[in-house]
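Chemist: Residue numbers (our numbering), protein chains in the order written: chain H, 1 to 227; chain V, 228 to 454; chain S, 455 to 681; chain B, 682 to 908; chain G, 909 to 1135; chain F, 1136 to 1362; chain Y, 1363 to 1589; chain X, 1590 to 1816.
Check the hints yourself; a few may be wrong.
[Claimed, not checked] Restraint-style ranges between C-beta atoms, simulated for each label pair: (1) X:D1658 / F:P1196: 24 to 30 Å; (2) H:D144 / F:P1185: 28 to 34 Å; (3) G:A973 / Y:D1398: 36 to 42 Å; (4) Y:G1413 / G:P958: 53 to 59 Å; (5) S:L596 / V:R273: 51 to 57 Å; (6) X:P1680 / F:L1274: 27 to 33 Å; (7) S:D597 / X:D1733: 53 to 59 Å; (8) B:D750 / G:D970: 42 to 48 Å; (9) B:P772 / Y:D1398: 32 to 38 Å; (10) X:A1632 / H:G66: 51 to 57 Å; (11) Y:G1413 / X:P1681: 37 to 43 Å.
[Claimed, not checked] If you want the footprint, here are the derived chain V segments under chain B, 3+ residues with CB under 8 Å: (12) 359 to 365; (13) 404 to 416.
These are computed hints drawn from the structure, not numbers from a lab. Fair warning: this is a prediction, and the values are worked out from it, not measured in the lab. No residue lacks a Cβ here, since even glycine has one placed at the ideal position from N, Cα and C.
Number of protein chains: 8
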Amino acid sequence: VTGSETPAGRFATPDPDRRRRTGVPEVVFAEGKTVDQTFALLARLRHDDPGVPALATRCPPDVLAGAADEFASEEVAVDPVARTVRVGACPPARGDVVVVSAGTSDLPVAAECRETLAALGVGTREVVDVGVAGLHRLLDRLDDVARADVVVVVAGMDGVLPGVVRGLVAAPTIGVPTSVGYGVAADGRTALGTMLASCSPGVAVVNIDNGFGAAVHAASIVRGRRP
Amino acid sequence: VTGSETPAGRFATPDPDRRRRTGVPEVVFAEGKTVDQTFALLARLRHDDPGVPALATRCPPDVLAGAADEFASEEVAVDPVARTVRVGACPPARGDVVVVSAGTSDLPVAAECRETLAALGVGTREVVDVGVAGLHRLLDRLDDVARADVVVVVAGMDGVLPGVVRGLVAAPTIGVPTSVGYGVAADGRTALGTMLASCSPGVAVVNIDNGFGAAVHAASIVRGRRP
Amino acid sequence: VTGSETPAGRFATPDPDRRRRTGVPEVVFAEGKTVDQTFALLARLRHDDPGVPALATRCPPDVLAGAADEFASEEVAVDPVARTVRVGACPPARGDVVVVSAGTSDLPVAAECRETLAALGVGTREVVDVGVAGLHRLLDRLDDVARADVVVVVAGMDGVLPGVVRGLVAAPTIGVPTSVGYGVAADGRTALGTMLASCSPGVAVVNIDNGFGAAVHAASIVRGRRP
Amino acid sequence: VTGSETPAGRFATPDPDRRRRTGVPEVVFAEGKTVDQTFALLARLRHDDPGVPALATRCPPDVLAGAADEFASEEVAVDPVARTVRVGACPPARGDVVVVSAGTSDLPVAAECRETLAALGVGTREVVDVGVAGLHRLLDRLDDVARADVVVVVAGMDGVLPGVVRGLVAAPTIGVPTSVGYGVAADGRTALGTMLASCSPGVAVVNIDNGFGAAVHAASIVRGRRP
Amino acid sequence: VTGSETPAGRFATPDPDRRRRTGVPEVVFAEGKTVDQTFALLARLRHDDPGVPALATRCPPDVLAGAADEFASEEVAVDPVARTVRVGACPPARGDVVVVSAGTSDLPVAAECRETLAALGVGTREVVDVGVAGLHRLLDRLDDVARADVVVVVAGMDGVLPGVVRGLVAAPTIGVPTSVGYGVAADGRTALGTMLASCSPGVAVVNIDNGFGAAVHAASIVRGRRP
Amino acid sequence: VTGSETPAGRFATPDPDRRRRTGVPEVVFAEGKTVDQTFALLARLRHDDPGVPALATRCPPDVLAGAADEFASEEVAVDPVARTVRVGACPPARGDVVVVSAGTSDLPVAAECRETLAALGVGTREVVDVGVAGLHRLLDRLDDVARADVVVVVAGMDGVLPGVVRGLVAAPTIGVPTSVGYGVAADGRTALGTMLASCSPGVAVVNIDNGFGAAVHAASIVRGRRP
Amino acid sequence: VTGSETPAGRFATPDPDRRRRTGVPEVVFAEGKTVDQTFALLARLRHDDPGVPALATRCPPDVLAGAADEFASEEVAVDPVARTVRVGACPPARGDVVVVSAGTSDLPVAAECRETLAALGVGTREVVDVGVAGLHRLLDRLDDVARADVVVVVAGMDGVLPGVVRGLVAAPTIGVPTSVGYGVAADGRTALGTMLASCSPGVAVVNIDNGFGAAVHAASIVRGRRP
Amino acid sequence: VTGSETPAGRFATPDPDRRRRTGVPEVVFAEGKTVDQTFALLARLRHDDPGVPALATRCPPDVLAGAADEFASEEVAVDPVARTVRVGACPPARGDVVVVSAGTSDLPVAAECRETLAALGVGTREVVDVGVAGLHRLLDRLDDVARADVVVVVAGMDGVLPGVVRGLVAAPTIGVPTSVGYGVAADGRTALGTMLASCSPGVAVVNIDNGFGAAVHAASIVRGRRP
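Please put together the full structure from these sequences, using the hints given.
Modeler: Structure (structure tokens):
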């Protein structure tokens, strides 16, 4: 029996029920896919569930450059820092997630988180460059942070910021380690370990550089909150 | 200048403002402390903030055995599986967190999570032994799981269960890897990696065996939910 | 004594008896070899054992591009996704191995497995993109998977799929971790650990990205099965 | 909602369909369970599926010592080297799996594999202490090894033996790394890496010290072979 | 030539010049030595250089229990928390090193640092239990910390405290990671990584649990300071 | 609430008080920033605190090439080996830090340390290529090394030199591991471990390749020394 | 076919030809074997090859305590520090191997090396406690070390000594890392890495704590030297 | 004191005594050096010690391409596979070292070893592509291998070959792990671990890809052998 159970030319199995089941529509992880594959998947998502925008993350330059032409009849948002492409308008925003980042180099991961939240219909604010080397920068912004529904804290190098933030606020707090740094910090594992071992209980952590995953967890929290 | 800035006999600096600031009262991490230190800290917490129970986690046998006598005038709950001691009555429970565990050996970590949630005034249910070796055990309980406010999934060995659950439900989902297993699974790092790398977006993760931290994150979510 | 025991120009020692002894002919691992070395080795294999096709794996672009011309008088199959070159016709296929892959990015490793099995005279089918983020995709295909002689499951990131599959079928199941992913999943070690620690007993595992090795193990099983 | 979805006193969810679905009945992993839990689970397995024996692996001394009395009305086989308890008679043996071990210290893992195969109704032979420090010991036994349906090779320290064996035989070969050794070999990871990276294609590998898992994979192969 | 270049019974080669050369006398590392060896080495140090006390670190219980009797004619200081034995009076203290510890469980390492500094003739103060889970505890003590000649910060788990301190003070700051914690923090490597990767430049780090080494580095700084 | 708490176009939060608080002005870490970002940050630092030069470390080639033109009205020092750009004149040098390097390949890290010290107003000397393969090279220079206020020792590969130096001198000694080497030395972790585990007590260590951090720690020591 | 290819009661396959083939007789690795197994294997070795003594390494206390009685009719040498038992007289010693150890805690590994060399008929000398914290201790003994046929250098913690020695002598030099130390040095891997990455070319390395392996390599060198 | 103890333009400290002291002249490690630095160092070595050739290892393409012109008046040997440049004629060869390599991809490391031995005046032979996947290839060449003074065995992937060889011959045997392979074998650490943990006692090991170090150790053995 040599043959294929999958129709010729198929490289993906759709999961049309996902948004109803998990609250999150399918999203295209563009890394390692060809431009054609990514555009085809975005088009299918638009077709299957026109009620929400289609999102692609970790897009290579070709995808970022070609998206506007490919989907010329739609609203397209390309964010070269976040490396995201969104096709279709964002739903109205509800909720309030603050995305805090420790340093300038962490901004791409923070941007991926922000763009994902927007596509999921969640409101966001950003607080940038408040790493603990200058703790007063954070303390000056504390009221802005503390009143959010959810706090996402993005940090590389020593990964210290999420634990410090969680020791100061009551909102659900999500740590996102980044691969920013060198030496022992080079691949983000030091920042990851710091966040998992945090003395401040209640920090929940996602994979290194995974601003997308933090956004999905934050959105699941916002969906259930008091209006 | 030889001397000490800390009053003689002091081994801890209280943080009486913590509950107001972070929503979580101080909790005694009893591992590596003497019985006397643990009891003294529990007594201080009871005195400083009588409105909530005082909790000690990871208690050695001496603490578990002696707690009832030490605090004879109070309600004391000792859970030898969870290794927790609670002094003072639980607040009324609100919210609904389901604690799912993959195997019998994961029960102590699930119990620590449940006891912490109870002390924080959060309602809990448990679903046990539904690891993916027999996937239908989970599918049979899916409705029970899906209707919770928050899902905590405790799993050792391959750590597969949280990702499978998150692919089936929309509630905020927290993975707790455990150190159950041998060989590559011996210290829980394989389970931790699996959860962080999960194909199902939105799983947030805490440290290995950290049922306490999962409970604190879950409680922070419940506090903000619609009644 | 300065000199060489190996005849001038020789860079390899043939093992002409290997197919009789182990059931597997020599195969050229083209990575790190020059184009000339790879073509010379393929030609030698064709000459020494014309009864089976000669196969090269992990071929760089030069080898893929030049193979058809180099062996113009033979049947040549070049698969740029699998990065394989086969010279000579496949033997008639017997047996039924299903190659299941978790995501689109795992397809190259699945393709290497399929091409190797074909060259070894084993029949294959493929089931693609059925990762556990959408478990129903797998359950919908379960009958197709369960009736195979051997199941090969290719998965990166969390590496969850082989254990889930083995919990649902009785056939010998082989897990192939891939280096697909980022952060803790970046080099495939997380997927490898998950498969080795699987709660579903009986999953056997090969090296990361080693679709070739999985094929050889699967073929050794098929050779001994009931017709 | 504080309560439990699992009936009081329940610590496990049965999977009565597992043998029909996967070819392997449930087996009790006794490590980390109480003696009472292990005996209760064995009794339940005997009751639910009397057609096959009930097996417990990695039994602590109390379980090994008390099993004969606990199940006095049944055939009980206690193997203190393998650390297994079997309740109920083995099915008639079919097939021929040879379990090769590299050194004397690897015998417990080999014994766990052999006892599991016996409980699953598979015939076994053993070849012991044929590590590559004295290669001729293996070459002298090669015919015995080569004629088996499946070869399981158990080795600690450098983990070299499975690759050497697979280079000499055509049967499906499974490597089981053990935690025997010290220094870089102390936890079995060196042996595991060696087997996964083997130059001899077709070695499939299971977790460190996992004689049980190797047996289940071997049994799944034997079930499908020509009689 | 079978024999020994070292006089019979000798197990150590003295380095009498060390104090003059490096500013630090020899110190006995008692771990892994017999009680007799440790006492003999202390006696030799007292004999060779009576101007400074003799110190033994990481002493097992037998050494701690027997030291007072062994050196009955001398001033002996035994610290069971620090696990140190000092024979001979401390030199007059000069300088001002503050030893800050993050949690109660870090006190043994802080105590080893303090006892070593005292034996080297350096003045110390202590600030305890000011981990970042309650940042205000540290901010309340900041003036005490900032006026020291050198700051030693001892922290396990996430190892966050040294970087936070260094971002607030100008004094030379030394981080000492401890092996306090569990899961990813179990052996102190997470705390070590955090300190090395600190966003606050200028934190210098010593080995895990090495309060002794931090003291020696601090003393070398104090020796050169303005009086 | 979709919006940003940070003014449009802002990518950094200044910390103008840092020099007064910690003795170290802000420094631009140029890796991962655009040329425009780095130049903007340098200009801001010059504006906010004209009393000290502005420094950028780990500058990519574009920054090194363009700095002189960008700041044409100021004294600009570009060091392509150190990969630093300094804008503004150095303060008068005080103190005496010797920077010792083990091999020619360690010179970039030594140069970063030297340039940072100069910008901080600290005097430096260098001793190069005195690795322990030829120990007499170091012994010949020992007097030069021993009379320094602080010794910084930069070494890759085996990282042996700092411990050997600290066994010969009394000055505060800082080890800087570098990523020079291959095989087990490839990423600098072997050198880091050697320095942390040094038999010579009192070596303090900074992150791999972190000449900047060593300079900051050395400067904090020099600030407090006797004139 | 359930049965065993190995005669009943057999747990080892002898390799009587090993000494002729490799120059080294079989040696009993006693760790993980029962007392009876170790004594039986020693007796067999004495019987099979009476021309050389039988040696057991890494003997547990029972073996050390019982050996003299078990082999009462023979010369028996028990070394509790080396944890070796030798049965039968040593061959006449030839050659000159010097075993250098860095610290007192490294003596057991040095002793295992010395006892193995004696059993193999190789002459030894020892130089102890000459770690680089006091380099002059080594320089004082350099002539003793330099005139040896082979130098074995045993060191834990930072593992620095072998590279320093090899930079000073011309003889073949073997590094033996030990598991002495704590923190990053706890399991010997730091010392191992240092030796492998040594700047002094020509250091060859064996496994952690493997004094036996170093002795065998040294003996193979001595066998071929000029008399 | 800002200045430099090293004369202007100097980037290296010569060690002219090294050959007399250690038997090995200085060798230029060209990786990470500029072409000019490498040529300058080679010229200095030629000048300081004209009695032996000057050798550079791990040369980048520029050095390989330009060496013949740079040293036009001398005998120059450039080996692009070994990446070595030798300036000056080799001394007469004595001794007999056989360099065995497991696979074609290991040839560059074997070549570096051979070129170094030639420059040191040691005779070499080579045996290639005899990995254990086809064990008979090695057995066929065993007499060639066994009669050598020293055996160097170069192997990547599983690193099995050195242990197998040492179990068959009596000559001093050196294992050189290579970084050849993928997955768990990708950086050579699996091969390194296998060699260190070898069941065949007496294998000594050098760093990954370090053909040079193996040659230096082999040469130190040959120098002392019987003529």
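Chemist: Would you mind marking each hint as holding or not holding in the structure?
Modeler: To see whether the hints hold, each was checked on the structure:
no.: 1; hint: X:D1658 / F:P1196: 24 to 30 Å; in the structure: 28 Å, holds
no.: 2; hint: H:D144 / F:P1185: 28 to 34 Å; in the structure: 31 Å, holds
no.: 3; hint: G:A973 / Y:D1398: 36 to 42 Å; in the structure: 38 Å, holds
no.: 4; hint: Y:G1413 / G:P958: 53 to 59 Å; in the structure: 57 Å, holds
no.: 5; hint: S:L596 / V:R273: 51 to 57 Å; in the structure: 56 Å, holds
no.: 6; hint: X:P1680 / F:L1274: 27 to 33 Å; in the structure: 30 Å, holds
no.: 7; hint: S:D597 / X:D1733: 53 to 59 Å; in the structure: 58 Å, holds
no.: 8; hint: B:D750 / G:D970: 42 to 48 Å; in the structure: 43 Å, holds
no.: 9; hint: B:P772 / Y:D1398: 32 to 38 Å; in the structure: 35 Å, holds
no.: 10; hint: X:A1632 / H:G66: 51 to 57 Å; in the structure: 54 Å, holds
no.: 11; hint: Y:G1413 / X:P1681: 37 to 43 Å; in the structure: 40 Å, holds
no.: 12; hint: 359 to 365; in the structure: holds (count 4)
no.: 13; hint: 404 to 416; in the structure: holds (count 6)
No hint from the list above goes unmet by this structure.
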